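Protein sequence lines, in the order shown, are assigned to chains A and B.
At position 220 of the first sequence (counting the first as 1) the number is 220 in my numbering, and the numbers step up by one without a gap.
At position 339 of the second sequence (counting the first as 1) the number is 339 in my numbering, and the numbers step up by one without a gap.
None of these hints come from the bench; they were simulated from the model.
Worth double-checking, as some hints may not be accurate.
[To be verified] Simulated pairs of lysine-lysine, DSBU-like, Cα-Cα distance not exceeding 35 Å:
| hint | chain 1 | residue 1 | chain 2 | residue 2 |
| --- | --- | --- | --- | --- |
| 1 | A | K48 | B | K137 |
| 2 | B | K524 | B | K633 |
| 3 | B | K252 | A | K48 |
| 4 | B | K342 | B | K385 |
| 5 | B | K332 | A | K145 |
| 6 | A | K48 | B | K342 |
| 7 | B | K137 | B | K252 |
Please read all numbers here as calculations on a predicted model, not as lab measurements.
Here is how the chains run, residue by residue.
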Amino acid sequence: MQRIRLRYTKRGRLRFTSHRDFQRAFERALRRSAVPMAYSAGFTPHPKVSYANAAPTGVASEAEYLEIGLAEFRDPEALRAQLDESMPIGLDITDAVEVRTPNFVERLEASEWQVRLDSVEPADAARAVAAFLAAEQVEVQRQTKNGLRVFDARGAVAALELLPSQVGDGNDTGTEGAADVRSGNPCAILRLVVRHVTPAVRPDDVLSGLRATADLAPPVPAEVTRLAQGPLDEESGTVTDPLALDRAAAPAGL
Amino acid sequence: MTVESVFPRLEALLPHVQKPIQYVGGELNSTVKDWDACDVRWALMYPDAYEVGLPNQGVMILYEVLNEREGVLAERTYSVWPDLEALMREHGVPQFTVDAHRPVKAFDVFGLSFSTELGYTNMLTALDLAGIPLESKDRTIDDPIVLAGGHAAFNPEPIADFIDCAVIGDGEQAVLDITEIIRAWKAEGRPGGRDEVLLRLAKTGGVYVPRFYDVEYLADGRIARVVPNAPGVPWRVSKHTVMDLDEWPYPKQPLVPLAETVHERMSVEIFRGCTRGCRFCQAGMITRPVRERSITGIGEMVERGLKATGFEEVGLLSLSSADHTEIGEIAKGLADRYTEDKIGLSLPSTRVDAFNIDLANELTRNGRRSGLTFAPEGGSERIRKVINKMVSEEDLIRTVAAAYGNGWRQVKLYFMVGLPTETDEDVLQIAEMAKNVIQKGREVTGQNDIRCTVSIGGFVPKPHTPFQWAPQLSAEATDARLGKLRDAIRQDRKYGKNIGFRYHDGKPGIVEGLLSRGDRRTGKIIRAAYEDGGRFDGWREHFSYDRWMSAAEKGLAGTGIDVEWYTTRERTYEEVLPWDHLDSGLDKDWLWEDWQDALEEVEVEDCRWTPCFDCGVCPQMQTEIQIGPTGVKLLPLTVVK
Chain A
1 MQRIRLRYTK
11 RGRLRFTSHR
21 DFQRAFERAL
31 RRSAVPMAYS
41 AGFTPHPKVS
51 YANAAPTGVA
61 SEAEYLEIGL
71 AEFRDPEALR
81 AQLDESMPIG
91 LDITDAVEVR
101 TPNFVERLEA
111 SEWQVRLDSV
121 EPADAARAVA
131 AFLAAEQVEV
141 QRQTKNGLRV
151 FDARGAVAAL
161 ELLPSQVGDG
171 NDTGTEGAAD
181 VRSGNPCAIL
191 RLVVRHVTPA
201 VRPDDVLSGL
211 RATADLAPPV
221 PAEVTRLAQG
231 PLDEESGTVT
241 DPLALDRAAA
251 PAGL
Chain B
1 MTVESVFPRL
11 EALLPHVQKP
21 IQYVGGELNS
31 TVKDWDACDV
41 RWALMYPDAY
51 EVGLPNQGVM
61 ILYEVLNERE
71 GVLAERTYSV
81 WPDLEALMRE
91 HGVPQFTVDA
101 HRPVKAFDVF
111 GLSFSTELGY
121 TNMLTALDLA
131 GIPLESKDRT
141 IDDPIVLAGG
151 HAAFNPEPIA
161 DFIDCAVIGD
171 GEQAVLDITE
181 IIRAWKAEGR
191 PGGRDEVLLR
201 LAKTGGVYVP
211 RFYDVEYLAD
221 GRIARVVPNA
231 PGVPWRVSKH
241 TVMDLDEWPY
251 PKQPLVPLAE
261 TVHERMSVEI
271 FRGCTRGCRF
281 CQAGMITRPV
291 RERSITGIGE
301 MVERGLKATG
311 FEEVGLLSLS
321 SADHTEIGEI
331 AKGLADRYTE
341 DKIGLSLPST
351 RVDAFNIDLA
361 NELTRNGRRS
371 GLTFAPEGGS
381 ERIRKVINKM
391 VSEEDLIRTV
401 AAAYGNGWRQ
411 VKLYFMVGLP
421 TETDEDVLQI
431 AEMAKNVIQK
441 GREVTGQNDI
451 RCTVSIGGFV
461 PKPHTPFQWA
471 PQLSAEATDA
481 RLGKLRDAIR
491 QDRKYGKNIG
501 FRYHDGKPGI
511 VEGLLSRGDR
521 RTGKIIRAAY
531 EDGGRFDGWR
541 EHFSYDRWMS
551 AAEKGLAGTG
561 IDVEWYTTRE
571 RTYEEVLPWD
581 HLDSGLDKDW
591 LWEDWQDALE
601 EVEVEDCRWT
611 PCFDCGVCPQ
621 MQTEIQIGPT
631 GVKLLPLTVV
641 K
């Protein structure tokens, strides 16, 4: 069985796709494009697909990953193009490598996020960021399935900075069909790197932290995009390509 | 006129609502056409939640038929949940289409498909959110023409105040004909305003425009007569019937949503109409005659549809799918083609006979044989004669024996309670039947863990059926009868534990009955219920019986009639029924005779296999039965890889 790792996106309005919705759409795309899937054994065989660490509903992403098992050998790039063609625009398949190394999920150490705060003055955001970074611990709470949970949002944050101000620049993450009605309003854009820890710290939790430490309360919901996930370079605070190892490794069995 | 997308404003609200994906559109095979390149524009609504409305075949078919035409566009809109409704009101976002997020008010036609009367309040919500006046009389030339279709439109009188027109029957050709009339009127510069275009539609005899008919009442509240009030408007409006389904292979490109919906499969309508003659069944009465799609036409639709969607299941739809003259060949042919691709086949609406077990086996060649559903509808032999459901208990037992013998482990039986002439005895027979089924199952399999689920729906008399004159059973009497049945099942030591019992209380049925056989005065009730917060009445968690009853009290004040008058009252032969001027093709005298036959427990055969018994449809509508067999087989597909 050949295994392929794919990178995909959730862009623009399709960021409202839930993970379950994505799974159904992807498995139908596999059927439409007649990908020779390997199936699980058992009474109701399922195509072999495994997903890693999906972004929450409503959050856009440039860096989601999944792995599929094939019954016949395929060229990864040709397969990527074929699948991408069959997926809705916005759920784009952007990279593919043949699996040559194990422990992929462990390699997803951190995520890099972009958080767009409309109608927030960059100076206010800068103050909040400074206060957050100065704190050793920032306690936040979140409603989970098991009730209200209180945890630290500061420790997992590897980097947090305000990007140079871009007033009403429209959408750089490919939001199709959505003209920026908020043009002219102030806008603060944050870059955030968060380690994948348990319990998970999400961009939302960091925003709660900004509110807790500096009273930053954006009047409209933040637009959050995952830009990358993968190994964390602690020194530079950057996230690197998790597929690089597979690309570099020698082809399996050749 | 430029029409802007409301999406940017909507987008800001979506992070705050449940399942936002249902509002963003972008479904596979959906279409967004250039607004300015089209001169007739339809907004099509299924007035329920997206998850129910999206898979609706009627809307999907019309959407594609219209969009295929040059210069015509169609977009879809669905009911928004109360969480989004509140935000839309707060932020001034109007009812929108999911395709291009255009405001519904900007379209020429706002067409709603009503499978059930319980969507009426949702129509009012949508109109109000769209900024369209709720009542036809208050609309201006800039408002869309509000058009109702679907099975409930066969009695459009309860919503006569709110719609501008209604079309009954098959929509495929009808929407194209209406499009041409509107196009011509617009090209002429919209002479005579709304009245003129509605009059042109009414004069065709195929579009019902309530404003051109006056209803006169007798002192006792019954209708005296319904009279056209404009020159050239016909006394009766005819239903539309599409002949030769192979010429209408829609949907060709079924919509595939990102959101989860109630039917996740590729559906092919294998025939339309049914002449089994079940007297309670409105669908069977109003969709006559039977028109089969050919085996090859079905094969092509399945093949093209699967390629276009990637669905894993094919549903072969109709009112009684096993009745297709070549169903055996169809099932075998499709199973041969697709079993290897792990495509499941399903056949809803099957009869009770052993042939169906062979079919079910074919459809589950390597799948799980979990449950089979049959619908004897009535518990006693006597009541089944009344409703003309020609199944004997012997048939049923033979069928379940075959099912258990072939590895099926659970049988589900569907019944109705509240049927005309029904007594407690008839209903208690349901328990006996369930016991006999389990006993037979134990006997055949030698095992004790055999299950039988009894599922019960309340009978609601419907227009254009032989039971349109029948008294509906009150909610209290329905509940009492269901209670006795439940006790009878529970108290049975030997089988009780193996019988599942599912039912609903009688209250929603009364509201459905009120709306089904209502007249124009019922509209006031619908409006009062809506204004009191009525939404999503088909959903148990949103439905409120008390709200409807107080709305009825308010709406019917001063009329001298009440909810019982509409529901539990038996009608007489002489009474003018609110829907008499809508011609389903069925001869009213034939319906009456069939009603009398029901009372005398006389059965009627199916006209596909016996001589015509003059229901009236074919001569009246100039149609004919179209059935096979063609003798053609489905050949294996050549696989190109």
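Has the given pair, K342 (chain B) with K385 (chain B), been kept, meaning a C-alpha gap of at most 35 Å?
violated (42 Å)
Sort out whether K137 (chain B) lies within 35 Å of K48 (chain A), counting only the CA atoms.
violated (59 Å)
Is the straight-line distance between the alpha-carbon of K252 (chain B) and that of K48 (chain A) 35 Å or less?
holds (30 Å)
Assess, step by step, whether the Cα of K332 (chain B) is no farther than 35 Å from the Cα of K145 (chain A), and give holds or violated.
The hint is violated at about 47 Å.
Hinted pair, alpha-carbon criterion (35 Å max): K137 (chain B), K252 (chain B). Please report holds or violated.
Violated, at roughly 38 Å.
Given the hinted pair K524 (chain B) and K633 (chain B), is their Cα-Cα distance within 35 Å?
violated (55 Å)
Mind checking the alpha carbons of K48 (chain A) and K342 (chain B) for me, to see if they're no more than 35 Å apart?
holds (14 Å)
In this structure, the hints that do not hold are numbers 1, 2, 4, 5 and 7, in rising order.
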